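**Q** Here is how the chains run, residue by residue.
Number of protein chains: 2
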Amino acid sequence: MAKEVTSRAENYSQWYNNLVVKADLAENSAVRGCMVIKPYGYAIWEKMQHELDRMFKETGHSNAYFPLFIPKSFLSKEAEHVEGFAKECAVVTHHRLMNNPDGPGVVVDPSARLEEELIVRPTSETIIWNTYKNWIKSWRDLPILCNQWANVVRWEMRTRLFLRTAEFLWQEGHTAHATEQEAMEETEKMVNIYADFARNFMAMPVVIGHKSAHERFAGAVDTMCIEAMMQDGKALQAGTSHFLGQNFAKAFDVKYANKDGQLEYVWATSWGVSTRLMGALIMAHGDDNGLVLPPKLAPIQVVMVPIFKSDEEMSNILAKMREIADSLKSRGISYKIDDRDNLRPGFKFSEWELKGVPVRIAIGPRDLENGVVELSRRDELTKESVPQEGLADRIAALLDEIQNNIYAKALAFRDRNIIKVDTWEEFKERIVQGGFLSCHWDGTEETEERIKEETKATIRCIPIDTAVCEEEGKCIYTGRPSHRRVLFAISY
Amino acid sequence: MAKEVTSRAENYSQWYNNLVVKADLAENSAVRGCMVIKPYGYAIWEKMQHELDRMFKETGHSNAYFPLFIPKSFLSKEAEHVEGFAKECAVVTHHRLMNNPDGPGVVVDPSARLEEELIVRPTSETIIWNTYKNWIKSWRDLPILCNQWANVVRWEMRTRLFLRTAEFLWQEGHTAHATEQEAMEETEKMVNIYADFARNFMAMPVVIGHKSAHERFAGAVDTMCIEAMMQDGKALQAGTSHFLGQNFAKAFDVKYANKDGQLEYVWATSWGVSTRLMGALIMAHGDDNGLVLPPKLAPIQVVMVPIFKSDEEMSNILAKMREIADSLKSRGISYKIDDRDNLRPGFKFSEWELKGVPVRIAIGPRDLENGVVELSRRDELTKESVPQEGLADRIAALLDEIQNNIYAKALAFRDRNIIKVDTWEEFKERIVQGGFLSCHWDGTEETEERIKEETKATIRCIPIDTAVCEEEGKCIYTGRPSHRRVLFAISY
Chain X
1 MAKEVTSRAE NYSQWYNNLV VKADLAENSA VRGCMVIKPY GYAIWEKMQH
51 ELDRMFKETG HSNAYFPLFI PKSFLSKEAE HVEGFAKECA VVTHHRLMNN
101 PDGPGVVVDP SARLEEELIV RPTSETIIWN TYKNWIKSWR DLPILCNQWA
151 NVVRWEMRTR LFLRTAEFLW QEGHTAHATE QEAMEETEKM VNIYADFARN
201 FMAMPVVIGH KSAHERFAGA VDTMCIEAMM QDGKALQAGT SHFLGQNFAK
251 AFDVKYANKD GQLEYVWATS WGVSTRLMGA LIMAHGDDNG LVLPPKLAPI
301 QVVMVPIFKS DEEMSNILAK MREIADSLKS RGISYKIDDR DNLRPGFKFS
351 EWELKGVPVR IAIGPRDLEN GVVELSRRDE LTKESVPQEG LADRIAALLD
401 EIQNNIYAKA LAFRDRNIIK VDTWEEFKER IVQGGFLSCH WDGTEETEER
451 IKEETKATIR CIPIDTAVCE EEGKCIYTGR PSHRRVLFAI SY
Chain W
1 MAKEVTSRAE NYSQWYNNLV VKADLAENSA VRGCMVIKPY GYAIWEKMQH
51 ELDRMFKETG HSNAYFPLFI PKSFLSKEAE HVEGFAKECA VVTHHRLMNN
101 PDGPGVVVDP SARLEEELIV RPTSETIIWN TYKNWIKSWR DLPILCNQWA
151 NVVRWEMRTR LFLRTAEFLW QEGHTAHATE QEAMEETEKM VNIYADFARN
201 FMAMPVVIGH KSAHERFAGA VDTMCIEAMM QDGKALQAGT SHFLGQNFAK
251 AFDVKYANKD GQLEYVWATS WGVSTRLMGA LIMAHGDDNG LVLPPKLAPI
301 QVVMVPIFKS DEEMSNILAK MREIADSLKS RGISYKIDDR DNLRPGFKFS
351 EWELKGVPVR IAIGPRDLEN GVVELSRRDE LTKESVPQEG LADRIAALLD
401 EIQNNIYAKA LAFRDRNIIK VDTWEEFKER IVQGGFLSCH WDGTEETEER
451 IKEETKATIR CIPIDTAVCE EEGKCIYTGR PSHRRVLFAI SY
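So the protein lines, in turn, are chains X and W. Residues 1 to 492 in our numbering are what the first sequence lists, from first letter to last. Residues 1 to 492 in our numbering are what the second sequence lists, from first letter to last.
If we strip away everything but chain X, and leave its shape as in the complex, we get (with noise of 0.2 angstroms):
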């Protein structure tokens, strides 16, 4: 390999750490909690936010921007929301700095102390429907369909690349709807945009459901979710979508004007995925070579290595391969020469395959002579010798093989993983090994609560397919009646 990685079953935490830096994905900055996201990390965000910034807009939602600081007083006017997001934020309490009277550098001047304290946003419900409240007067306001893409902090004690951040990037929309039913249709509709585009963006299958009671956003009257399953059984949730009953229009007074002219409250919904997603495509296809990216995210699609003993040979192999360059490039195929003198052919191979890349071509001057070249799919590993006459159109129909193997690969395994557990005894042996337990819950948050006492498992979800879930049975825990069945998962 280009640069150590610890192979995954020897420590899958430490894999996932090592390939994140070592893949130039991200790394620690000398803020505490916050990352830096690389170029080549950072491009493989902005192609997932390309696509999902795509499917809001033809979903009929446009994008704003709403203020980075949150008066202290908007967190408490909703309830739980406050109790959900006090205890870990960043509190701006002054607006300057001055010399240091007593020594170098410079310190907070005592004399700017902010009136009221600014919080750096958590998320931005209030201070989105303190918006709200001035844009919505009737019921030809609604609805208001806003999405944001932003930065937002939430101190996290202990922090993981990607997974958990202090500063992470995200998009959060937030929707005002004149009724009831439009916005529990609204919740549905995103968390269905977010399952199709993990699977087929991301190549990653996931379950769709509600959060218990317990487990639900901070002010939300129902919180939808897409759970993943990643490679050492854990499970990651990729995406929320909240219906917010009318909990913050109440919080902030928002009401509207029926056709009737009787001033009614405005329903709401929130939804959102983050950066956290690039944690979840490592850990859904790496494997111990490094990243395995799904061509449709892969900022580089193609890599070519030229093999070369003398100047002539290169000059003649680079030749062919800016021919073959120019091939991709029309058909929409990103690629990059690796014309690096330095280096090895074999320490370039494994930096691209460090770095996920899905399709490799080498040239040596044998192939040139032949009319051939060495193509290599990093999914598979595999590698064989094919003609460059119709070279594109072959690497064309292999990215989409790859596309739909990697997928493929993500599903059969998940499904094997999910496993029905009817007993507590069961249950407890089997929740070490990983993977999502379908078992019978009777309901209370009591019975969720000793069961992550006892076994750090949490209920992921439960599944929105009722024709698996739906049946008759006794919670694992309680043995008390239960008419469906959930996913219990120890969790990122």
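Chain copies aren't distinguished; within one or between two, either way the pair holds.
Taking lysine-lysine and the PhoX-like style, the derived pairs with C-alpha atoms no more than 25 angstroms apart in a straight line are:
| no. | residue 1 | residue 2 |
| --- | --- | --- |
| 1 | Lys296 | Lys47 |
| 2 | Lys348 | Lys22 |
| 3 | Lys336 | Lys137 |
| 4 | Lys259 | Lys309 |
| 5 | Lys250 | Lys133 |
| 6 | Lys189 | Lys296 |
| 7 | Lys57 | Lys47 |
| 8 | Lys57 | Lys296 |
| 9 | Lys456 | Lys420 |
| 10 | Lys348 | Lys259 |
| 11 | Lys409 | Lys296 |
| 12 | Lys336 | Lys57 |
| 13 | Lys77 | Lys250 |
Everything labelled a hint here was simulated from the structure, so no lab data went into it. From a predicted model like this one, the values you see are computed outputs, not experimental measurements.
Position chain W relative to chain X; hints supplied.
**A** Positioned in the frame of chain X, the structure of chain W alone reads:
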């Protein structure tokens, strides 16, 4: 008018404020100095971002993301930098709130005080150069060409929507180079990209030049800029590109091994444009009826307003409009059919004029019969009856014509208002009327300060166009010898 806007002649400043709010671009938020960018305004910003991002990538730059927070001690490392930013920054001192022990609401938890305060980035040179330190070992690691799209905060005391806000959105490029020459070339390349963007997309002529030492970015060796002229004759600095020399490399000890293995300090540039460009766009082209958007940045290029009395008329006209819409769509022209049934056509006309939509199509029952439409252009407020046949081609050509016409008008206005002035009496008389005064200056900061004190005018730039500016003369204020003219103006 659909919504009352003060005329430019009456009060230009009020006209601007009205327009921003009434055209639904942005509004003040509940947080002092922070704005809400509304969907229509954000859609224009997105178009700007899209073009700039493409131009950056075409010239080899990649996007990345660096932390929102900067440790207080970092700011102090570059002496001039901290001088420039310490007095206007938001300071995070705590990381937790708690329930108010003395009443309702939440208060800052005194036990959650940060060891070192964090500054919300006013610009990112310090955190980025602290990061680059670990990325750069040898000449092979250079150049680094990163850009970041981000929010920044500068605690301005007097704010105006888009022009001067506490929080604003921008991009900041930060590059690292092996040689002084290369960094200087990068500085120039980027200011030229900004100028191209201003001219070709914003339809806004700019003067490219260098800032005087006094007006330089805090920490730069040289600051280049583009200066645009607003309709009141004031200058607006629309973008800056800084040659930072080795200042930040020295402050953060960033060295690279050159080809001979010797350690040298790295050379730097940084460059940025912000949501301030939105202010420039509005003020450069708007008229008393509202915004005038250049077609290349208009979220809606063509609006269609049906004129009807009966439901049948409406449905026939809308059918025709959908047909036209398809032909526009196939040419990549954006459109909106305004089918609201509760507003009169005249009201709609005014509203879309206010919003600056470049082209309007109106169709009434008689137009439908005669196979024509009424086609209006926003820039000239003229209309004509034209055949439905070949309409999309005609509109495509018209959009180009409007784009060019808007630029030509702004250019003619700008050129009329760049005036050579050679006596102090004339300077004082003319400067209050607006415009750029091209004058000789003795090159001293003292003279610059005096002129500012007496007239509020500053040196906007020392233009790079030597053909126009290089000539011998005498300083307008002191009479001392001068080798070139510089541009003075009162600025936003």
